[in-house]
Structures are given as structure tokens and as C-alpha cells.
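**Q** Same order as they appear, the protein sequences are chains S and X. What the first sequence shows, in the numbering used here, is residues 181 to 674, in sequence order. What the second sequence shows, in the numbering used here, is residues 181 to 674, in sequence order.
The set of hints was computed from the structure by calculation and includes no laboratory data. What you are looking at is a predicted structure, and each value in this text was computed from that prediction instead of being measured. The hints are all genuine.
Which copy is meant is left open, so a pair is good if it fits within one copy or across any two.
Pairs of lysine to any residue residues, derived as SDA-like cross-links and limited to a Cα-Cα distance of at most 20 Å, are as follows:
no., residue 1, residue 2
1, K531, D521
2, K525, E265
3, K248, A218
4, K531, G451
5, K452, V560
6, K563, L454
7, K563, S448
8, K569, E415
9, K525, T573
10, K626, P286
2 protein chains.
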Amino acid sequence: MNPQVLLSVLLVISTVHSFQYKELVQHVDNHQEEYVEALREWVAIESDSSNVLKRPDLHRMMETTAQKLRLMGGTVELVDIGEQELPNGQTLALPKVVTATFGTDPNKHTVCVYGHVDVQPAKLEDGWATDPYNLTDINGNLYGRGASDNKAPVLAWIHAVEAYQALSMELPVNVKFVIEGMEETGSNGLDAMILAQRDTFFSDVDYIIISDCGWLSRRPALTYGTRGNCYFFAEVEGPKQDLHSGVYGGTVIEPMTDLIGILDTLISPSGKILIPGIREAVAPLSDEEWKMYQDIQFDMDSYKNKIGVTQLMYSNKVDLLAHMWRYPTVSVHGIEGAFSDSGSKTVIPAKVTAKFSIRQVPNMDPAMVKKQVTDYLHSVFAKRKSPNKLKVTMVIGAKPWLADTQHPLYEAGKAAVKRVFDMDPDLIREGGTIPIARTFQDVTGKSIIMMPIGGFDDGLHSQNEKMSRYNYIEGTKLFIAYLNEVSQIKKTSV
Amino acid sequence: MNPQVLLSVLLVISTVHSFQYKELVQHVDNHQEEYVEALREWVAIESDSSNVLKRPDLHRMMETTAQKLRLMGGTVELVDIGEQELPNGQTLALPKVVTATFGTDPNKHTVCVYGHVDVQPAKLEDGWATDPYNLTDINGNLYGRGASDNKAPVLAWIHAVEAYQALSMELPVNVKFVIEGMEETGSNGLDAMILAQRDTFFSDVDYIIISDCGWLSRRPALTYGTRGNCYFFAEVEGPKQDLHSGVYGGTVIEPMTDLIGILDTLISPSGKILIPGIREAVAPLSDEEWKMYQDIQFDMDSYKNKIGVTQLMYSNKVDLLAHMWRYPTVSVHGIEGAFSDSGSKTVIPAKVTAKFSIRQVPNMDPAMVKKQVTDYLHSVFAKRKSPNKLKVTMVIGAKPWLADTQHPLYEAGKAAVKRVFDMDPDLIREGGTIPIARTFQDVTGKSIIMMPIGGFDDGLHSQNEKMSRYNYIEGTKLFIAYLNEVSQIKKTSV
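I would like the entire structure built from these sequences, with the hints used as guidance.
**A** Structure below.
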């Protein structure tokens, strides 16, 4: 045994012995009203990153976050990431990124917790039962915009560190934070900031932890993969301006008819993608995967109830989970340029742009998908012999992300879940895209774990978003336990 | 010859002898700057009937119209037609309908001129080269919202009457006006008003004249038919709320995919309507009709240039005109409930409603079309085996209108055109719907003529709407001449 390894082992032993989990849990339970109060203060700040009029609130949110971390003694920076250009050509300062460091002991692992404190838009009139910016506790659920996505998880991480501090316990690992304010609109400026600080702030980071997703059921979960996304615009342009459908209908080849014609060739009623080459690129489902999905606790009926449908695309659990996580799909989001208001209008829209996206999974390659989709749509369009012009562009090409569930980081996660909830976590994937995971992986080369504490029914991006008190408080305990588990990972397995 | 007929003949002779056309034309030419000024004043009133915030302007427009007719000595009424209900449940007073009567001589024919003084919305930012509410004369074209649709034609009729008065000439016929302020949003309240006054204001009306359309080329035209319109909503409803396409894509049967699938079965790329029964109901094109279309002056190239396309649905004139006027077509106007903004959004819309319409021609029957479309879409939808719910509703069912071009009213029109322009008019139809023509016909049983003075390139409902000075001034002369021609129709042929 060389001295380095010996040191690690000794460290591990000393950490294990000094971990006073019960006291920490007691502290959390004793302070839960304060935690809810802290969440209430954060939810009250309308940090909607998509609304330029709310930018002052968003700046205040970043400052509030930084101040909280400063008061805890962290080394805090508000990193200027520049400006964003608005469609009208004006520029607007981006919210600064908060970085914080707690501990720089070179003998400890260093984790970096990523989170965001901006939110999706929300208005009472959208159908909220309560004021979305006034956290409201109803039967143990804390309703408010951003409660689950992502303010409570960020606070839970902060409170986890605070608990160690309050009990004068040494943090088992060094903890860094990187908290942004533009996640809901595409993390504008964050990639460049990560790249710029790769050899400074991120240089001593061993692991990156993301808690920006949710469980699959009432059972805790660890997330080991996300789908990527290729987002397309298909624009069909005809007459030079919108025409009256009474006056011109029957004489012009209408762009909407063409667009509908090509959109109808993307996917079959049974969910089969019709674009040549897409399905062939997908990694086959292995027996191990099948077994893993089979073992996951997932209630098809409650899933159906949650989304309010009587029938899903697949009637058995494994097929459904596989198509949620590890197969691609096509969604048509809408059409720009056509009549979209209520009421009736007799217009032939001159230029219409469909927005659709194809979820990406291993081993699809966005560059290849771009070519496959573009070539296919042009060939389908050519058969129509239309004089209109088709333009296909891919505006987002985000790769999928997949982790090794046998990695010590995940083993540590399983142990932490076991300790707090006395059960094994579901190992799940996320159908959506969390591009920052891929960026962290590509830029820093570090291992990443996604450790959600949000509930399966939190209504992210929807009306009546909530975080349950249970998930918030037990989630804080999970993070406390996880910091300890990570400290026991052998240094060599970084 | 019975005394009644003898009287008619004598009247006709006396009228012919007293018609001082040259003096009237001279008067019009001498006063054209005043006419333009009058149009400028009317265009300056933003009488947008679709914008509830502009309702005070619309009321002012009706009052201005009434006042002009009062000052000319007409018997004028502002008829209260009640209120409209807004989507939010509030009510708003409808603009009153202006009726006016000039002359009640029972020995003369009585014509009733229909027009409207409300306009479509217009904003400089929409792409207008000039302020849409400040009439601007550029190279003899008078640009402004409502200039052609329908303020200048209404003023031309008023000035025609005024010219007779100014020269102390007796009007050859009694002239009535019915001017409304809700045409652009569906003539709310007008049908009921016509029905209510059928046996009073309309009882002595012999002919109804509508000048709310345009020529086909630079040659003057008389319009003898309009297409009707059946406007449908096809709603596909799935999940109870919008879903994140990353999280749920692949597991739900998406309403947009279903909707696109059924919309794609309405019409072929070559313009063939695929709904069973529709084409079979259309009256066959007669040889006479073919000949008539063949003789119409219509430049395919300038039509293509006007709308900015390189290719039309049909490459020969007769086919094109026939499909513009006397064949049905399907236009998909847009989709409500899907993502329609610029940018990208990863949403699975929960409920999407397509808006499409089918133009109606003889001998289609809206009630039958409703059944054909509804049955067909449900059968196509059923084949998809989707759990989503389809609801098809017909929100407008307007019948086509067709006049007899040999009727004395049209013969009088041809004679008036010949006198003013020294050429024969094109006999044309209108692809769009003018529902009020059908109402007048059904309720009053009177004959109707459409006598347009708008140019073929006036840009109705579009940016940079204009009325040329030429059409405005020569149109006024046409109306003067037409009043005289109508007076010569034998009373028996009413």
C-alpha cells in the first residue's frame, strides 16, 4: 500500500467514525420551518429569466443567493457573463453566475453542486389555484413557481452545508456551488463561463452534482441519463404576403397545405419514426437494461391519471419507460406564421414555420440527424411539385448524456438513499435534456451524478408547481448523507 | 298598353331626355380635390371594428356618415342594433346602422346602396410604407386603411347623389343608403336589423347595390356571384394540460400528430378535395361559362406578380378563374393551442384546434358539407386508433350567391360602364364571401347587383391598402350614370 492510498483509507475511516448523522437529521427537523421560510422568500422573487421586464428581479435573486452563501462564510463570487442580445437588437445584462467555495482541503474530495434560481413564467390567470409567487402550504405541499424547479433543491444543498456548520462539524468534502439564472431560457453564457474557469474554479472539482429533475414515483431515484434534442424549423414560403382565402383560395398552392403534408410524414400514428436512418442509429436495448426497467417501480395507471389520458403509446412498463428515456421520438410543437388566435380568420398564411424536435439517445449523432431530416423533408417536399420554398434548419443539437450506474459516485448515492429512506433508489433516466450535464462532462471531464429530490408530480413548467415538504426536508437529509458517502470514495476512483 | 305601362314609358322618355351627363361629369372633375379631402377625413377615423378599444372612433365614424347625409337633406336614422357580447362576458354597444332616404317618388325606382365604414386593423409596424390613417397620395394612388374597403366607394355613392343636387337636377331614382360599421367582423346585428325593417325601410326598395369588392384587371367589372364559406374548427384534445416534450415525448399520443394526420387528408397537393361528396355537388361548368371566362381580360403573369408566386395551381386562364370563383377549395388557416411564437419551445400541446374553411359554390349545401366533413374526419381519425378526442364544429355556414347577368339590373350596369369607360365590363365573380348579399336576397327578395369600383391591386385587408384617384373619381361618374340607367328599367321587370 503506497502512502497516498494509505492516507485515503485513514481519511475514510476517520470520516466514517466522525459522521454524526442523527444529530444532523435532528437539526434539519428542528429547522424545517426556517427552511420553508427561506423558500418562501426565494419564491417571492419573480426571477423569470424569459421576461426582460423581470430582469431586475432576476439580478436581485442572484444577489440574494450570493449573500446567503457569503453569510455562511463561503468564498463567493458573482461572475459577470456578459450580455444577451434581444430580438430587437438591444442588449441586456445577463444575470451573474454565483460561485461559492466551502473548504479547500486538498485531502478531501471536492464536489460542485450545480443549480439555478431562475424560473419559468407564471401568472395567476394561467390557471394557478394560488398566487404563484406567494408560497402556499396546502396539505404539506408547498405551491409556488420555482418551488421544485429549482429553488428548493438549491436551498436544500445550502441547508445541508449549513447543518454541518451549525453543529460545528467539519464538512466531509469540499463543497462548491455554481448557481445560474438563465437555465429556463437555455443557460445563455454559462458554457463560456465554465470553459473560462475550467482551469481555475473547476480545476480541483472531482464530481459534479445536479439536482434539477425529479423522481419517477414516490420512491427516491438517481438519474443516470438524459435524452438530447435536435430542434428543427421547417419553413414553407409561398406568396409575398398573407392572402384572403376567399379571394385567392383555389388559385395558389398554399404553404400550410405543403407544410402539413411534410409534417405528416415524420411519425406514424403508432409512434414509429419514418425518417430513414433514425431508428437504425439507436443502441439496442440490452437484456440488462430490460431487467433494470422491469424492476423499476412505476405505476402506469397513476402516470395516465397524472397526465389525464386513457391510453399511452405503449401498454407495458418496459416499452413505455424505454420510449420515455432511451428511444427517440418526434414532437411537433406548433406552427409560426399561421393563424393561431381564437375565433376565425380567412387567411392563407404566406410563410409558415413548423417547430418540431427529435429527442436524441445513444448512439444518434445530431450532425447526422440534421442531414437525415433535411434530406428526407426535401425529398418528400419535392414529390409535391410545389412552387413554394422549403427551408429546414436545426436550431438546437444537444447530445444525450449517459452515466455508468456502477461508478462509485452512484454507489455513494445508493448508500445515501438507503440511509435516509431505508430503500434502494430507482435508477432512472430523464426523457428531457439537461444540456449543462453534457457541457460539464465535455469541458471538465469530471464525473457527474444527477440526484433529484423533486416529486414525480411537481408540475414543473406547469400551473400549480409545488415541492412537497417531505421531499424538501428529507432531500436536505439526503444531501447531508451524500456528502458523507462521497467522502468515502477512494481518491483513486475519481 | 295599360295606363301603368304607359306611365312607365313616358317616365323613361322624360328621364332620358333630361339626363345631363356632361354637366355631371364636369362637376365631378371640378370637385375631385374635395372628394379626396372627404376621403382623407374618413380614413383619419380609426374605425377598426375588431378592436374594442377603438369603439368610440367607430361610433364617431357612424355619426360622421349620418351627419354628411343629413346635411344633404336626406332622411337619416341611426338605427340602434343592440350590443355585442365579448369573450370575457362583458357587453359593448354595436355601432348604429345609418339609413338614409333621398326621394320617395312612387313613380320612380328605388335603389338601396349598401356599404360599410368600418375597417380592418392596421398598424404602421405591420409593414405600411405610410401612416395607414393618414391618406397619402403617391403617384395618383390614395394609400390608407379603408380607402378601398369600403370608404371611397361609400363616398363615391354619396358624391353621386350630391352631384345631382348641386346641379339642381332631379335624382332619376329614389336612393336609399344602409351603411354599417361591423362588416369586417361579420356584420354583427345587421341581419336582424334588415329583417326588422323588411316591411318598413326596405318595403319600397326595388334593387340593392353593393360596391364592396374590386375589378379583376384594369377593365371595369360587374360582379354576379360570390362563393360562400363553411368554416370549421377541428379540435383534438389529449392530456389534461400541456406537457414537456422531453419528459413525456414518446409515451403519449400527441394531439398535434393526430391533427396533422387528419388535416393532411383534406386536399391533395394538386388541389383535389378528398372529402367524399364535395366535388360531386358542384354544378358542372357549362360551355357558355367556359366561353365567358375565356373572353375575360385576365393576365396570369400580373396575377402571379401581384401575389409573388412563380406558379399557380392551374396554368390556363379558364381553369384558374373557375377555381377562383366557381369551384370549392380547402384552406387551412392555422392552429390554435399549439406553440406559435418565434423561438423554440419544447411543448406537447394538450389541445389543438385547426381552423380551416371550404369555399361554397352552387349547388353545395352547407348543412350537407357539415355532415360530409364531420363524418369524413371522424372516419379518418378512427383509423389512427388514437385515444385523443376529436371534435369537429362548423362555425360559419355561408351560402354562395349568384345573379343572372341578363337581368335588367346588369344590363343597366353594362350600359353605365359603356358610357363612362367606353368599354364593356368584365362579368366576374368574387372568390370571397359577401354574406350580406345573400341576406338581402333571402330577406327582401329583391334583386342585387355588385358594382365594384375598387382596383384589382388595392390590397384589401393587407398592408398599403389604396384606392386610385382614377377609380375613385371615375367610379363616382359610374354611379351617376348608373342611377340614370336604372331609372330606365321598365317597372314591370322589377
